[in-house]
Amino acid sequence: MKPTSDTIELTIPAKAEYIGVVRLTASGVANRMGYPYDAIEDIKVAISEAITNAVNHAYSEDEEGEVAVRFQLLPDRLEIMVADKGRSFNVNAILEEMKPLDASASLEELSEGGLGLFLIDTLMDQVTFNNDSGIAVIMTKFLQRDEVELHADRIKQSYDRPVGR
Amino acid sequence: MNLNILQGKAKDGGELLILKGELDAYTAPKLKETLLELVDIEGASVTLDLSDTNYMDSTGIGVIIAAYKKVCKNNGTLIVQGLTPRVERLFDITGLSDIITIEDINKEETR
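Chains as they are written, first to last, in full-length UniProt numbering: chain A, 1 to 165; chain B, 1 to 111.
Bound-form chain A, shown alone (with noise of 0.2 Å):
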């Protein structure tokens, strides 16, 4: 029988190359669940994200810290943690601090940073915050179900049935 969950981990040093190597088995993990191309850069953009904030806020630059992720694959979704053992802060000012750009603003106004976390949030399906050391951020992707390979497992299911009894 399938399992109903399998979780992937991995640990990276807080540092900003090895954002990619998380990206890409990011990437892999998301594939090899069946997403399709749009929601996998999707994952791949909110999860940098995630570890960018942690590798430039979690720890003062002399630290030496990590960033955890944990990748659960369940049969309707992913869900993946980032998490830091840093400085953690007002999850309520962080959540105001998700807005897109304003146009109409004034040059001064314009933010050059800030439009991590709302990334994320526009791009995941689910967005948790918990702050009890440090930061950790839990965000999920639901899958389409009625998409190709469960379309094709579904007619196999009907042909397993018998039939006539």
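One or more of the hints may lead you astray.
Restricting the straight-line Cα-Cα distance to at most 25 Å, the calculated cross-link-like pairs of lysine to aspartate or glutamate (DMTMM-like) are [to be verified]: (1) K32/B with D98/B; (2) K32/B with D125/A; (3) K69/B with D62/A; (4) K30/B with D62/A.
Because the hints were derived from the structure by calculation, they are not lab data.
Model the placement of chain B on the given structure of chain A, informed by the hints.
For chain B alone, kept in the frame of chain A given last:
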């Protein structure tokens, strides 16, 4: 997982930067350095070609905004061209499409 920045001349005589590869928090500082230097002169004219940029996130957008702010102060122009559907989606979601000048080069089809 790298970014190659090729520098040349645009059709309009301005500077051209072609970005090949992935633009993320690791590669963005390299672009920021090159790009901000180019836009740091009065009347600067810079074109960014993203046709071969196969990954971009908010760090790349941050660099473009920083360059845009600087180019505006210097009365110059910054044009972004060759957006892949993915990058275009990102520009639309973040609202960057409404702020910067985007040129469609795919219609001209010279390469």
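Evaluated hints:
Distance hint between K32/B and D98/B is fulfilled; the C-alpha atoms sit about 21 Å from each other, no more than 25 Å. For the hint pairing K32/B with D125/A, the CA-to-CA distance comes to about 32 Å; that exceeds 25 Å, so the pair is violated. Using a Cα cut-off of 25 Å, the hinted pair K69/B and D62/A is violated, with the two alpha carbons roughly 32 Å apart. With a CA separation close to 22 Å, the supplied pair K30/B and D62/A stays within the 25 Å bound.
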